[in-house]
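Peer 1: The listed protein sequences derive, respectively, from chains A and B.
Under my numbering, the letters of the first sequence match residues 1 to 464, in that order.
Under my numbering, the letters of the second sequence match residues 465 to 767, in that order.
Rather than coming from a laboratory, the hints here were simulated on the basis of the structure.
From the three backbone atoms N, C-alpha and C, an ideal C-beta is built for every residue, glycine too.
Accuracy of the hints is not assured; some may be wrong.
[What the hints assert, rightly or not] Derived pair list, reagent style BS3-like, types lysine-lysine, alpha-carbon separation capped at 27 Å:
#1 A:Lys429 with B:Lys646
#2 A:Lys463 with A:Lys348
#3 B:Lys659 with B:Lys644
#4 B:Lys659 with B:Lys704
#5 B:Lys719 with B:Lys704
#6 A:Lys348 with B:Lys719
#7 B:Lys685 with B:Lys659
#8 B:Lys659 with B:Lys646
#9 B:Lys644 with B:Lys704
#10 B:Lys651 with B:Lys685
#11 B:Lys646 with B:Lys631
#12 A:Lys463 with A:Lys342
#13 B:Lys719 with A:Lys342
#14 B:Lys719 with A:Lys429
#15 B:Lys719 with A:Lys334
#16 A:Lys429 with A:Lys342
#17 A:Lys342 with B:Lys685
#18 A:Lys348 with A:Lys429
[As the list claims (entries may be wrong)] Cβ-to-Cβ under 10 Å is the rule here; a few derived chain B residues that face chain A:
#19 Pro714
#20 Ala725
#21 Glu726
#22 Gly729
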Amino acid sequence: MNARDPENSRPAGRGRLRGAPALAGGLAVVFCLLGSIRPVPAADPEPSAQDDATAEDLRRRVDELERAIAELQEELRRLPGQGQQAAPAPAPVTLVSSASGKNYLNLSLDALVAAGASTEPDVEGLETGGHDPAQRGFTLQNVEVVFDGAVDPYFRAQANVAMQITPEGETNVELEEAFALSSSLPHSLQLKVGQYLTEFGRFNPTHPHTWDFLDQTLVNGRMFGPDGLRSVGARLSWLMPTPFYSEAFLSVQNAYGATLTSFGSAPGESPFGRPIEERQVGSLDDLLYTPRYAASFDVTDSQTVLGGVSAAIGPNGTGADGRTTIYGADAFWKWKPSTANKGFPFVKVQGEWMTRSYGATATLALPAQTYRDHGAYLQAVWGFRPMWTVGARYDTVGGDTGVDPADPAAESRRRVSADLTWFPTEYSKIRFQYSLDRRSVSEDAHSAWVQFEFLLGAHAAHKF
Amino acid sequence: MRQRSAWTVSLLLAASGQAHAALRVVATTPEYGSLATTIGGARVSVTTLAKPTEDPHFVDAKPSHIVTLNRADILIEGGADLEVGWLPPLLEGARNPRIQPGTPGHVRASEGVPLLDVPQSLDRSQGDLHAAGNPHFMMDPANAAIVARHVAAALCGSDADGCASYKENLAGFERTLDEKTKSWSAKLGPYRGTKIVTYHNTWKYFAARFGLETGVFLEPKPGIPPSPPHLANVIDTMQKDRIRVILVEPFQSRKTAEMVAEHTGARIVEVCQFPGGLGGGDADYVSLMDTVVERIARALAGP
Chain A
1 MNARDPENSR
11 PAGRGRLRGA
21 PALAGGLAVV
31 FCLLGSIRPV
41 PAADPEPSAQ
51 DDATAEDLRR
61 RVDELERAIA
71 ELQEELRRLP
81 GQGQQAAPAP
91 APVTLVSSAS
101 GKNYLNLSLD
111 ALVAAGASTE
121 PDVEGLETGG
131 HDPAQRGFTL
141 QNVEVVFDGA
151 VDPYFRAQAN
161 VAMQITPEGE
171 TNVELEEAFA
181 LSSSLPHSLQ
191 LKVGQYLTEF
201 GRFNPTHPHT
211 WDFLDQTLVN
221 GRMFGPDGLR
231 SVGARLSWLM
241 PTPFYSEAFL
251 SVQNAYGATL
261 TSFGSAPGES
271 PFGRPIEERQ
281 VGSLDDLLYT
291 PRYAASFDVT
301 DSQTVLGGVS
311 AAIGPNGTGA
321 DGRTTIYGAD
331 AFWKWKPSTA
341 NKGFPFVKVQ
351 GEWMTRSYGA
361 TATLALPAQT
371 YRDHGAYLQA
381 VWGFRPMWTV
391 GARYDTVGGD
401 TGVDPADPAA
411 ESRRRVSADL
421 TWFPTEYSKI
431 RFQYSLDRRS
441 VSEDAHSAWV
451 QFEFLLGAHA
461 AHKF
Chain B
465 MRQRSAWTVS
475 LLLAASGQAH
485 AALRVVATTP
495 EYGSLATTIG
505 GARVSVTTLA
515 KPTEDPHFVD
525 AKPSHIVTLN
535 RADILIEGGA
545 DLEVGWLPPL
555 LEGARNPRIQ
565 PGTPGHVRAS
575 EGVPLLDVPQ
585 SLDRSQGDLH
595 AAGNPHFMMD
605 PANAAIVARH
615 VAAALCGSDA
625 DGCASYKENL
635 AGFERTLDEK
645 TKSWSAKLGP
655 YRGTKIVTYH
665 NTWKYFAARF
675 GLETGVFLEP
685 KPGIPPSPPH
695 LANVIDTMQK
705 DRIRVILVEP
715 FQSRKTAEMV
725 AEHTGARIVE
735 VCQFPGGLGG
745 GDADYVSLMD
755 TVVERIARAL
765 AGP
């Protein structure tokens, strides 16, 4: 009944008493005393006045002893060699737990499975994302293993390894991200180095399990391909000394490869019907530059807005003079009352717009030409009761079509989607989604999917 | 040129202003903020991230919190995983070397606090367990005293000039806690051994201190919302054990508690772990405890 049962208490520094025999002895005596004078049992139905007095006296003595223990603990902590952090009782070394700071490496595994059907038989053509449903029936969208932890006092690091099973039954493994992030640079600067999802807009830097819908937005698919804009490079950001949140980012990354649709791309791809040639970095012009600025305000105690503008500028794969520029703007608004239970209810609205200018170099068969297109999405999600959300999303893409006006990869599309999600806990979810897709070249498509997610291990905290 | 000198002047002003400015203390939840105000007095300016009425497990990692943490001299967090769902990305965004984990400016309140309910094994089929133990330890005033000592030590570490005043305030706070603990114990003394129902396992330390018994929760497992079969069991247990009181916090579902109360005739007591959460008479830690003890004692006394 008392909070200080010896079995339950875990004094700081226990197991590290070598340097302090006297204190250790003192602590032992205190524990023995504490063990011998427990307060009267709580269940005593009608305590007499005398019992009360005895109990009160005992309680006072226990309190005194507690204070003595606390002082001894303090003293122990101050001994040479004892760090600021209390050393917990020796425990088996575990790599994985949700206890922050208790392990060197947090490990988690997140799986997304989708099932459903579409009136469009070519689901892979309909859904633009590499982790979207890929066929009628079942799709293992994504199994993602995340490692993260502090490297040392100066860096934190994270790696995301994603696996999926293709409609052909093959297992694909890709290293989505592996980066280190500085924690102690001066002047509110922060450096990110490695392979990472480029901080362009709001959707691109996120992983599928955090999405509000079970597929990626059309505009992100059109501009950044099936796997998002990501590459190896470095990013510096500056949290500006303004009274509100205001942060400027500049990312510099390699511009060539399969995850750089719109830019270097990979041979075999043909954006706007233009062939891609193999290129390598020759000068600073051959890198991808992504500046971004974001700002946020708390409109009221329960409402926050966050907005940003981004640009991605780099070479494309059509030839030596091929350059691509993409501009984007994004906005996010969230309402959550100050008595929210488990984070519910809430309403959040998010929108993003992008425009692209793709300058293709002349080839023997094709003249030099600049293609312009654009896209946007707007979505709203309402957490109407604890662990339940409904959402609606509108997607649009359009603009120049490329060499072949009938190329379905460049057709204009409008899509509306609605979904209903139930989260049994923060570690699992079941989502139902319906989409209607209107396309300028292909036929209209109705699709209905159900998605299931489960997460094992450490749950990464959610960013805003 | 003129513009540049104006800039220089304002920069100098800003710099000199900073030298004399109050120590910026950020607390994750309001009870730590209250302790920092009590001990720091006029020498500190205290900001609290979580609202007192909000579920402390699910605070939004708002960008404004990043700014607050970026400029903090001292951060006080529970250190027992209560904030694990939102503090890490804030600290990462804040990039403030003064308050990174392991630095003297990063106070882990739970250090040296004997935590209860430390799970033997981590298994989420048992609900959302906190690996480090039950993080709601501040409802025992003896633990508040331990945390107050951490706070005073951290303030002294960052502001040696104010150390004497911090120590004096700490001693005053400890005296108040001692006296108050006696009067709280006296108020709840007649109900020693009485069982109470709580929504979440938040009141374990409070109950242990003042001789009440918890163990019946409206949640079937930690973090799992109440289900009808579980509530039926709770109602059964309450009738069998004659449990007369249900504690509910501002963010928890009062409707669920009302349903159970209807079937059992129990009283619902609105309580809160955080100063300011009860909307009056609970501005700081001690007055919050006063109010909570008073309300629970009144409910236990019956009509």
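Peer 1: Decide, hint by hint, whether the structure agrees.
Peer 2: Right, here's what the structure says about each hint:
no. : hint                   : verdict
1   : A:Lys429 with B:Lys646 : 48 Å, violated
2   : A:Lys463 with A:Lys348 : 14 Å, holds
3   : B:Lys659 with B:Lys644 : 23 Å, holds
4   : B:Lys659 with B:Lys704 : 12 Å, holds
5   : B:Lys719 with B:Lys704 : 23 Å, holds
6   : A:Lys348 with B:Lys719 : 25 Å, holds
7   : B:Lys685 with B:Lys659 : 19 Å, holds
8   : B:Lys659 with B:Lys646 : 21 Å, holds
9   : B:Lys644 with B:Lys704 : 34 Å, violated
10  : B:Lys651 with B:Lys685 : 31 Å, violated
11  : B:Lys646 with B:Lys631 : 23 Å, holds
12  : A:Lys463 with A:Lys342 : 16 Å, holds
13  : B:Lys719 with A:Lys342 : 15 Å, holds
14  : B:Lys719 with A:Lys429 : 25 Å, holds
15  : B:Lys719 with A:Lys334 : 25 Å, holds
16  : A:Lys429 with A:Lys342 : 15 Å, holds
17  : A:Lys342 with B:Lys685 : 14 Å, holds
18  : A:Lys348 with A:Lys429 : 19 Å, holds
19  : Pro714                 : 5 Å, holds
20  : Ala725                 : 18 Å, violated
21  : Glu726                 : 20 Å, violated
22  : Gly729                 : 21 Å, violated
The structure shown violates the earlier hints numbered 1, 9, 10, 20, 21, 22.
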